[in-house]
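S.K.: Spelled out from the first residue to the last, the chains are:
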Amino acid sequence: MAALVGKGVRDMLKRADFMTVPRRQRHKKKWAATEPKFPATRLALQNFDMTYGVQFGDLWPSIRVSLLSEQKYGALVNNFAAWDRVSAELEQLSARDFVNEAIFHGEPEPENGQTAAPPPASWACSPNLRCFTFARGDVSRFPPARLGSLGVMDYYLMDAASLLPVLALGLQPGDTVLDLCAAPGGKTLALLQTGCCRNLAANDLSTSRAGRLQKVLHSYVPQDVRDRNRVRVTSWDGRKWGELEGDIYDRVLVDVPCTTDRHSLHEEENNIFQRSRKKERQMLPVLQVQLLAAGLLATKPGGHVVYSTCSLSHLQNEYVVQGTIELLANQYGVKVHVEDLTHFRKLFMDTFSFFPSCQVGELVIPNLMANFGPMYFCKMCRMT
Amino acid sequence: MAALGWQVSAWHRLIPLTWSLIARQTAQLGEQKRTTALLLRKLTTVSSGGDLGESPFVEPQKCAQEPEHRTGLTQCLLEKQRTAVERGKIVSSLLDMGFSDVHVNELLSIQPGTHPQQLLDIISELILLGLNPEPVCVAFKRSPQLLKLPIMQMKKRSSYLRKLGLGEGKLKRVLYCCPEVFTMRQRDIEIIVGVLKEKCLFTVKQVTEILHRCPCVLREDPGELEYKFQYAYFRMGINHVDVVKTDFLQYSMTKTKERHVFLERLGRYQTPDKKGQTLVPNPLLKDILRVSEAEFLAKTACSSAEEFEVFKKLLAREEEESEGRMADDESLEEEEEEPEEGEEREP
Numbered sequence: 001m002a003a004l005v006g007k008g009v010r011d012m013l014k015r016a017d018f019m020t021v022p023r024r025q026r027h028k029k030k031w032a033a034t035e036p037k038f039p040a041t042r043l044a045l046q047n048f049d050m051t052y053g054v055q056f057g058d059l060w061p062s063i064r065v066s067l068l069s070e071q072k073y074g075a076l077v078n079n080f081a082a083w084d085r086v087s088a089e090l091e092q093l094s095a096r097d098f099v100n101e102a103i104f105h106g107e108p109e110p111e112n113g114q115t116a117a118p119p120p121a122s123w124a125c126s127p128n129l130r131c132f133t134f135a136r137g138d139v140s141r142f143p144p145a146r147l148g149s150l151g152v153m154d155y156y157l158m159d160a161a162s163l164l165p166v167l168a169l170g171l172q173p174g175d176t177v178l179d180l181c182a183a184p185g186g187k188t189l190a191l192l193q194t195g196c197c198r199n200l201a202a203n204d205l206s207t208s209r210a211g212r213l214q215k216v217l218h219s220y221v222p223q224d225v226r227d228r229n230r231v232r233v234t235s236w237d238g239r240k241w242g243e244l245e246g247d248i249y250d251r252v253l254v255d256v257p258c259t260t261d262r263h264s265l266h267e268e269e270n271n272i273f274q275r276s277r278k279k280e281r282q283m284l285p286v287l288q289v290q291l292l293a294a295g296l297l298a299t300k301p302g303g304h305v306v307y308s309t310c311s312l313s314h315l316q317n318e319y320v321v322q323g324t325i326e327l328l329a330n331q332y333g334v335k336v337h338v339e340d341l342t343h344f345r346k347l348f349m350d351t352f353s354f355f356p357s358c359q360v361g362e363l364v365i366p367n368l369m370a371n372f373g374p375m376y377f378c379k380m381c382r383m384t
Numbered sequence: 001m002a003a004l005g006w007q008v009s010a011w012h013r014l015i016p017l018t019w020s021l022i023a024r025q026t027a028q029l030g031e032q033k034r035t036t037a038l039l040l041r042k043l044t045t046v047s048s049g050g051d052l053g054e055s056p057f058v059e060p061q062k063c064a065q066e067p068e069h070r071t072g073l074t075q076c077l078l079e080k081q082r083t084a085v086e087r088g089k090i091v092s093s094l095l096d097m098g099f100s101d102v103h104v105n106e107l108l109s110i111q112p113g114t115h116p117q118q119l120l121d122i123i124s125e126l127i128l129l130g131l132n133p134e135p136v137c138v139a140f141k142r143s144p145q146l147l148k149l150p151i152m153q154m155k156k157r158s159s160y161l162r163k164l165g166l167g168e169g170k171l172k173r174v175l176y177c178c179p180e181v182f183t184m185r186q187r188d189i190e191i192i193v194g195v196l197k198e199k200c201l202f203t204v205k206q207v208t209e210i211l212h213r214c215p216c217v218l219r220e221d222p223g224e225l226e227y228k229f230q231y232a233y234f235r236m237g238i239n240h241v242d243v244v245k246t247d248f249l250q251y252s253m254t255k256t257k258e259r260h261v262f263l264e265r266l267g268r269y270q271t272p273d274k275k276g277q278t279l280v281p282n283p284l285l286k287d288i289l290r291v292s293e294a295e296f297l298a299k300t301a302c303s304s305a306e307e308f309e310v311f312k313k314l315l316a317r318e319e320e321e322s323e324g325r326m327a328d329d330e331s332l333e334e335e336e337e338e339p340e341e342g343e344e345r346e347p
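Chains as they are written, first to last, in full-length UniProt numbering: chain X, 1 to 384; chain W, 1 to 347.
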C-alpha cells in the first residue's frame, strides 16, 4: 500500500497508539531518529488492561475511557489572596465549592437499629479549604490562575481528588505537620491553607522537584505566613525519617511515588513504564512500605497518618498499608489502627466516584461524569 | 429490455393525432374515466392556463361568435390544436413507456413552462438508463430543475454514468440521494471517482458499488473522502471489501469517530495488528455504525447515554485543538525543511 502513505496517513498512524500526544511532550524529534514503535504510554495501557481488567472487572471500561480522556480540575482558592472575591468569581463561572457543599449539606444518617455514635474529633475534616469544581458532566475548563493584587496567585489548579487526603487528615490548629513526599506541592499548599500548621516540614527526595515545591510556595504563600508556619523544605531521603525525627509529628501525609496511572498514559518523558525502568517499577511497593513506615515512626503516639497514591493498583495501595502495619507491629512493636472513612466518603459521594470494595482506605475512580483521580487514601492512627 | 426497445423505436414513428384518435385511445384504456376526462381537459388547455369546463369544444365556438377577429382566431385555434397535438403525442409516448395516467399528469404539471418535447427527451434518457416510471416521477418531483437540462448534456452524462456502471436500475438510488448527479460538473464526479480509484485503490467494480450504495460520496469534499477511507483502513483496520459491504463511506466522519474512539478507549475495539489480529474480536461494523445511538450504547458500548454525551464534548474539543496543533506543525515543518528518515512522500 505504498501509494497510500502520505502526510495525512503519517499523522493518523502516529495517533494509532490511541491518544493524541501533546507536541511539547512528544519525545524529542531532533534527537531521536524515529518515533518509538512501542511507546511507554502504550506499555502502560497494556499493563493496566491486564491488571485492572481483572481487578475491576465490569468497572474497568468506564475507568479506562476516563483515564484516556481529558481530566477534570478543581480550583483550590488561595486563602492568602482575596479569597472571597476569588470565590465569587469562580461561582460566576457556574463552579461550586465542593468542600463547602459536602460539609454543610452532607448530614450523617444513623443506621437503622444502631445508636448513632457521636463522631470522634478525628473525623472532622481539615478546615478552611475551599475548592471549586464544575458540576457533574460539565466539561468547562478553569482559566489559568492569575497573580492577585496581594502579590500571590488567586487559585491553584489541581485534580480535585488530591484534596481528599488532606481533608481526611483532619488538621487541627497548632498541629505539627510533616509532608514526606511533598513535590510538586499541591497537597503541601493545601496543608498551609488550613492555617493549622504550627510547623510544616515539606520534603522531597529529588532536589529539582523540591525546587518546584519552593516555587509553588513562593507564588502562593506570603513570606510572613511561611515564616509564621515555620515552613521547612528539605530534600532528604524520606525513608530515614523514623531515625531523623521519630515520634514528633501530630499529622503526617505520605503521598508516595507510584505509577502515576493517569500521567503514565499520556506523558512519554520519564515514563515509569519504559523498559529501562522496569526494575524500579517492580520495586515500588517496597519503597512505598519503607516510606509509610518512616512516616508512621515519625508520628507521635496518638497522632495520625494519611497514606495516598494516584494509582489504582491493589499492590501499591491496600497491600502496602496492610504490609506496613504488619511490619511495624512485628519489627518495631508499634501498633497502628486503620480509621474507617465510610462517613467521610459519604460526604463527598456527590462529587466523586468511589470504588465500593476497598479492604482498607478509599479509592476515587475516574468516571466521565466526574473525571477526577485515581486517588487512593487511607487514614491511620498510631496507637503506641 | 427488447420490448422497451421496440416501444422506443415505435414512438418515433407515431402519426400526428387527431381529437378522434385520442378519444378512441382513451376510450380503449377505459379504467379511470375521470382521469381520462381530466387528461382530455388538460390536452385542450392553452399553456397560459384556463379551464374550459365540460365540453372540449366550448372555446372554438366562442371564437366563432366574433366575426371581426376570425382570421386571428383561426390562427390561434390552429396554434392551440398544434400544441394540443404535440402534447397528445407526448402523452401517448409516455403511456407507451409505461407511465400511468396519474404519472403523466404529475409529469406534465411539474414545470408547465417546459416544452413537451424537452420533457419527453429528458424522461426518455432516464428510461433508457433503466429507471422505472415510478422512480422517474419521484426524481422529477424532488428535483424539477432536471427538466431544464439541455438534452445534449443529459445524453453526455447518461453515457458517462453508463460507463461507470450506473445503468440498469442502479441509477434509482443514486438519483434519489443525489439528484445533482445530472446537474453537477462532470469534472467533480471524475474527481470523486479518481479519489476512489487512484487514492483509495478500489477496483472499478467496487467504485460502481460505492456510487450505487452511497451516492452521497459525490457530494463530499475529495480530501475528506480520502481521509474517511484512510480512517477506516489504517485506524480501524477495515479492508476494501468491508468498506464497500458495510456502506462505511456514507456515515459522517464525526459520528464514526465518536463511536469508534469511544469503543477504543473503553477497550472494546482494537486496531488489528499487522497480521490482522486482535486480542478480543472487534464488534461488527453494523453494530457500531448502522444501529441507533441507544442500541449502540446498550449493546455494543455497554455504557450510559450521559457518559457518551460527555465523551462527545471532550472528543470535539480534542479534535479542535489537535487541528490547531497540526497546523502549527505544518508551518514549522516548512521552516525546518529536513526530510524525516524512513518516511515516504507522495510525488
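Heads up, some of the hints might be wrong.
Straight-line alpha carbon distances no greater than 30 angstroms define the calculated DSSO-like cross-link-like pairs of lysine-lysine that follow [what the hints assert, rightly or not]:
hint	chain 1	residue 1	chain 2	residue 2
1	W	Lys275	W	Lys257
2	W	Lys80	W	Lys172
3	X	Lys240	X	Lys300
4	W	Lys286	W	Lys313
5	W	Lys286	W	Lys312
6	W	Lys172	X	Lys37
7	W	Lys163	W	Lys148
8	W	Lys275	X	Lys37
9	W	Lys80	W	Lys141
10	W	Lys275	W	Lys313
11	W	Lys245	W	Lys172
12	W	Lys257	W	Lys299
13	W	Lys275	W	Lys172
14	W	Lys313	W	Lys255
15	X	Lys37	W	Lys274
16	W	Lys199	X	Lys37
17	W	Lys141	W	Lys197
18	W	Lys199	W	Lys141
19	X	Lys278	W	Lys274
20	X	Lys278	W	Lys275
21	X	Lys37	W	Lys89
Some chain W residues near chain X, calculated using beta-carbon distances under 7 angstroms [said to hold, decoys possible]:
hint	residue
22	Arg265
23	Leu285
24	Leu289
25	Ala305
26	Val310
27	Phe311
28	Lys312
29	Glu320
Hints in this document: simulated from the structure, not taken from any laboratory. Glycine residues also receive a C-beta, built at the ideal position from the N, C-alpha and C atoms.
S.K.: Under 7 angstroms is the threshold here; is the Cβ of W:Ala305 close enough to any Cβ of chain X for the hint to stand?
M.R.: violated, 11 angstroms
S.K.: Quick one, is the W:Phe311 hint okay against chain X at 7 angstroms, beta carbons?
M.R.: holds, 6 angstroms
S.K.: Quickly compare the C-alpha distance for W:Lys286 and W:Lys313 to 30 angstroms and report which way the hint goes.
M.R.: holds, 24 angstroms
S.K.: Measure nothing beyond the straight line between the CA atoms of W:Lys275 and X:Lys37; if it is 30 angstroms or shorter, mark the hint as holding.
M.R.: holds, 16 angstroms
S.K.: Please work out if W:Lys275 and W:Lys313 have their alpha carbons no farther apart than 30 angstroms.
M.R.: Given that 30 angstroms is the threshold and the Cα spacing comes to 34 angstroms, the pair is violated.
S.K.: Mind checking the alpha carbons of W:Lys141 and W:Lys197 for me, to see if they're no more than 30 angstroms apart?
M.R.: violated, 33 angstroms
S.K.: Using Cβ atoms only, decide whether W:Leu289 comes closer than 7 angstroms to chain X, and label the hint accordingly.
M.R.: violated, 19 angstroms
S.K.: Could you grab the alpha-carbon distance between W:Lys163 and W:Lys148 and see if it respects the 30 angstroms cut-off?
M.R.: With a Cα-Cα distance of about 24 angstroms, the restraint between W:Lys163 and W:Lys148 holds, given a limit of 30 angstroms.
S.K.: For W:Lys80 and W:Lys141, compute the direct alpha-carbon distance and say whether it is at most 30 angstroms.
M.R.: Answer holds: W:Lys80 to W:Lys141 is near 27 angstroms, not above 30 angstroms.
S.K.: Given W:Glu320 as an interface hint, is the shortest Cβ-Cβ distance to chain X below 7 angstroms?
M.R.: Result: violated, 11 angstroms to nearest chain X Cβ.
S.K.: Just to be careful, I want the Cα atoms of W:Lys257 and W:Lys299 compared with a cutoff of 30 angstroms; is the pair within it?
M.R.: Holds, because 18 angstroms separates the two Cα atoms, which is no more than 30 angstroms.
S.K.: Run the distance test for X:Lys278 versus W:Lys275: straight-line Cα separation, threshold 30 angstroms.
M.R.: holds, 28 angstroms
Going down the numbered hints, you'll see the structure goes against 2, 6, 10, 13, 17, 18, 21, 23, 24, 25, 28 and 29, while the others check out.
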